[in-house]
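Construct all of the structure, not just a fragment, from the sequences and the given hints.
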Amino acid sequence: MTTLAILILGASSNEEEEEEEEEEEEEEEEEEEEEEEEEEEEEEEEEGKQEKQQEEEDHHHGGKQRCDAEEAVDLISRQDHLGSLSEGGVLRGETGLHHC
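1 is the number of the first residue of the sequence shown in full-length UniProt numbering; add one for each residue after it.
Check each hint, because a few of them may be wrong.
Said to hold, decoys possible - Quick list of the computed label-pair ranges, beta carbon to beta carbon: (1) E51 <-> E27: 56 to 64 Å; (2) D74 <-> E42: 33 to 41 Å; (3) A69 <-> E29: 55 to 63 Å; (4) E39 <-> Q79: 55 to 63 Å; (5) E56 <-> E29: 36 to 44 Å; (6) E40 <-> C67: 35 to 43 Å; (7) D74 <-> Q50: 34 to 42 Å; (8) E16 <-> E36: 42 to 50 Å; (9) A69 <-> E31: 53 to 61 Å; (10) E41 <-> E19: 29 to 37 Å; (11) E38 <-> C67: 49 to 57 Å; (12) E18 <-> E41: 33 to 41 Å; (13) Q50 <-> E19: 43 to 51 Å; (14) V73 <-> E51: 28 to 36 Å.
Derived from the structure by calculation, the hints contain no laboratory data.
Beta carbons are placed, not taken as given, at the ideal position from N, Cα and C, and that holds for glycine.
And the structure:
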């Protein structure tokens with residue numbers, strides 16, 4: 001082989017190596033992007049779970065407060081009813097408070 005042919009072959013192999021390196025870099029970048037997207041999706045899912053859990057807790061506590069308020073109204077009604085017994089009212093056999 002002549003020196004010129006060796007140089008041409010060497011140059012073409014360098015181009016192939018550069019192309020392979022570029023392809024590897026692109027693949028790595030794509031993998032990094034996919035990993036970032038997956039992490040973002042996981043974060044969004046976690047945030048969604050936390051929000052849902054908070055809503056459930058808020059709903060439960062809100063329901064508990066409503067229940068407590070209903071029990072207070074029932075208790076007041078019973079006390080009023082018992083007060084009316086001394087004035088000739090009739091007891092209807094109601095016992096205990098409402099439990100939520």
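Hints, verified against the model:
Separated by about 36 Å at the C-beta atoms, E51 and E27 break the suggested range of 56 to 64 Å. Judged by the Cβ atoms, the range 33 to 41 Å given for D74 and E42 is violated: they are separated by roughly 47 Å. At about 59 Å, the CB distance of A69 to E29 agrees with the hint of 55 to 63 Å. Taking 55 to 63 Å as the suggested C-beta distance range, the pair E39 and Q79 conforms, at roughly 59 Å.
Roughly 41 Å separates the CB atoms of E56 and E29, a value that falls within the hinted 36 to 44 Å. Checked against the hint of 35 to 43 Å, the C-beta distance between E40 and C67 comes to roughly 40 Å, which is consistent with it. One distance hint, 34 to 42 Å for the beta-carbon pair D74 and Q50, holds here, with the actual separation near 36 Å. Hint check: E16 to E36, Cβ distance near 31 Å, so the stated range 42 to 50 Å is violated.
The hint said 53 to 61 Å for the Cβ distance between A69 and E31, and at roughly 57 Å that hint holds. Separation of E41 from E19 is about 33 Å and conforms to the stated range, judged on CB atoms against 29 to 37 Å. For the pair E38 and C67, the supplied restraint of 49 to 57 Å is violated, since their beta-carbon distance comes to about 43 Å. Taking the beta carbon of each, E18 and E41 are about 35 Å apart, inside 33 to 41 Å as hinted.
Between Q50 and E19 the beta carbon distance is about 47 Å. The supplied range of 43 to 51 Å therefore holds. A hinted range of 28 to 36 Å for the beta carbons of V73 and E51 is consistent with their spacing of about 33 Å.
Taken one by one, the earlier hints fail for this structure at numbers 1, 2, 8, 11, listed in ascending order.
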